[in-house]
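**Q** Got chain V sorted already, so can you dock chain P onto it with the hints?
There are 2 protein chains.
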Amino acid sequence: MKIEVCYTPQAYNLFHKDEAVVVVIDVFRATSAIVTAFYNGVSKMIPVATVQEAKDYQANGFMAAAERDGEMIEGFELGNSPFGYMNFKIKGKTIAISTTNGTQAIESSRKASKIIIGSFLNLDVVCDYLVAQKKDVILVCAGWKNKFNLEDTLFAGAVVNKLTSESDFQIDCDSAIASKHLYNIAKDDMYEFLSNSSHRNRLAKLDLERDIKYCLSLNLCPIIPVMEGKYLVKM
Amino acid sequence: MKIEVCYTPQAYNLFHKDEAVVVVIDVFRATSAIVTAFYNGVSKMIPVATVQEAKDYQANGFMAAAERDGEMIEGFELGNSPFGYMNFKIKGKTIAISTTNGTQAIESSRKASKIIIGSFLNLDVVCDYLVAQKKDVILVCAGWKNKFNLEDTLFAGAVVNKLTSESDFQIDCDSAIASKHLYNIAKDDMYEFLSNSSHRNRLAKLDLERDIKYCLSLNLCPIIPVMEGKYLVKM
Chain V
1 MKIEVCYTPQ
11 AYNLFHKDEA
21 VVVVIDVFRA
31 TSAIVTAFYN
41 GVSKMIPVAT
51 VQEAKDYQAN
61 GFMAAAERDG
71 EMIEGFELGN
81 SPFGYMNFKI
91 KGKTIAISTT
101 NGTQAIESSR
111 KASKIIIGSF
121 LNLDVVCDYL
131 VAQKKDVILV
141 CAGWKNKFNL
151 EDTLFAGAVV
161 NKLTSESDFQ
171 IDCDSAIASK
181 HLYNIAKDDM
191 YEFLSNSSHR
201 NRLAKLDLER
211 DIKYCLSLNL
221 CPIIPVMEGK
231 YLVKM
Chain P
1 MKIEVCYTPQ
11 AYNLFHKDEA
21 VVVVIDVFRA
31 TSAIVTAFYN
41 GVSKMIPVAT
51 VQEAKDYQAN
61 GFMAAAERDG
71 EMIEGFELGN
81 SPFGYMNFKI
91 KGKTIAISTT
101 NGTQAIESSR
111 KASKIIIGSF
121 LNLDVVCDYL
131 VAQKKDVILV
141 CAGWKNKFNL
151 EDTLFAGAVV
161 NKLTSESDFQ
171 IDCDSAIASK
181 HLYNIAKDDM
191 YEFLSNSSHR
201 NRLAKLDLER
211 DIKYCLSLNL
221 CPIIPVMEGK
231 YLVKM
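Top line first, the protein sequences correspond to chains V and P.
The first sequence begins at 1 in the working numbering and counts up one residue at a time.
The second sequence begins at 1 in the working numbering and counts up one residue at a time.
Some clues are possibly wrong.
Because identical chains share one entry, a pair is satisfied inside a single copy or across any pair of copies.
Claimed, not checked - In silico DSSO-like links for lysine-lysine, alpha-carbon gap of 27 Å or less:
#1 K145 <-> K111
#2 K17 <-> K205
#3 K2 <-> K205
#4 K145 <-> K17
#5 K17 <-> K230
Since the hints were derived computationally from the structure, they do not count as laboratory data.
As the structure is a prediction and not an experimental result, all values here were calculated from the model.
The shape of chain V in the complex, shown without the other chains (with noise of 0.2 Å):
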């Protein structure tokens, strides 16, 4: 099994193999907060591009989530702060979601055979996952707005180092090294690591550093959002 890492859901096509898994990745913070949504008992999630398709949703009686350049957007009960999915009023209900980068990953990976969300959140759930499924495997990190951010090669490198060491899984791509390589720099602290990164500054202007420590923690929420049809479901 092979294992490539994708930059930009821009790239996607140039990666796409019809038999492949595909991990969706957006650390800050679109896929930590799905994950923390279904590991808080949401029922299913429908990941919608635009903000009008959200809005759309939200008329017809859905809960609704919509960020943009790490705000939530007003009209809207929730945005991508994790935190927002630790409330009991989730419980049960089906959101729809449209994000800045991460929802965008999704979309532009959407011909994939199999899409499921991967974050620190659920590192060691999603690699036990793809050593079970023995086929190749391609990590989607959303990145900025298509260009390549740090933290979400971060996680690609925890998962190709755990998955070439622990398993059969080859390197199939120069990305992949280089984020094994950033990975292994980075992961006794990764949050110090971070500290220069285009999206922890954003975040931190807008007091979110509470956010980010938790984005960077390991295995709290140890389920997989998997995409069937139009909606993302826990596995």
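**A** Positioned in the frame of chain V, the structure of chain P alone reads:
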């Protein structure tokens, strides 16, 4: 002044700024070959996107170079091996050139106000030039068919390292941070660091180890090719 790293030609439009200086990088081997050609007395080069365009120039009496997937295309006098350009026959000539990645990177950044050609062979003079310009810098890696590659990233990291440590340049993106980290891991033995990289393996299969070692040598050709209209000329 800000410095950014664009990992693939596909992404260039996300980075474009009217006043920035663009450095096009294709270490294995187009930009190493171009720098070598000018160091050895070529007068002008005409980078073209397609093999057909190179053929058309050839039909009109120009010398022409064409490479795809690491190999020189039949019917051409030159490919992208730097050693092909260490030849008295190129002195004073104008050569049309089309390669798998390097000339595509030039093509994608053509709307930049200034494009120069970078490689380890002219690292220091490129950095000195960038410092003197006092403008924003965009390092455009050719990559491999619009995927990230390690060797171009290492060169970008070397430039970021030099410009941020010896001058007033600010890092403005995560890809610049990552490139600098990777260069600092690799710098003491880049040949060894790249031993598992996809392109080194591709070239090794073609028996091009000598090219690899040459392309990783520092400052052997201290000149800068620069785009002027459709031509590359020596600055």
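**Q** Find the hints from earlier in the document that the structure breaks and name them by number, from lowest to highest.
**A** none
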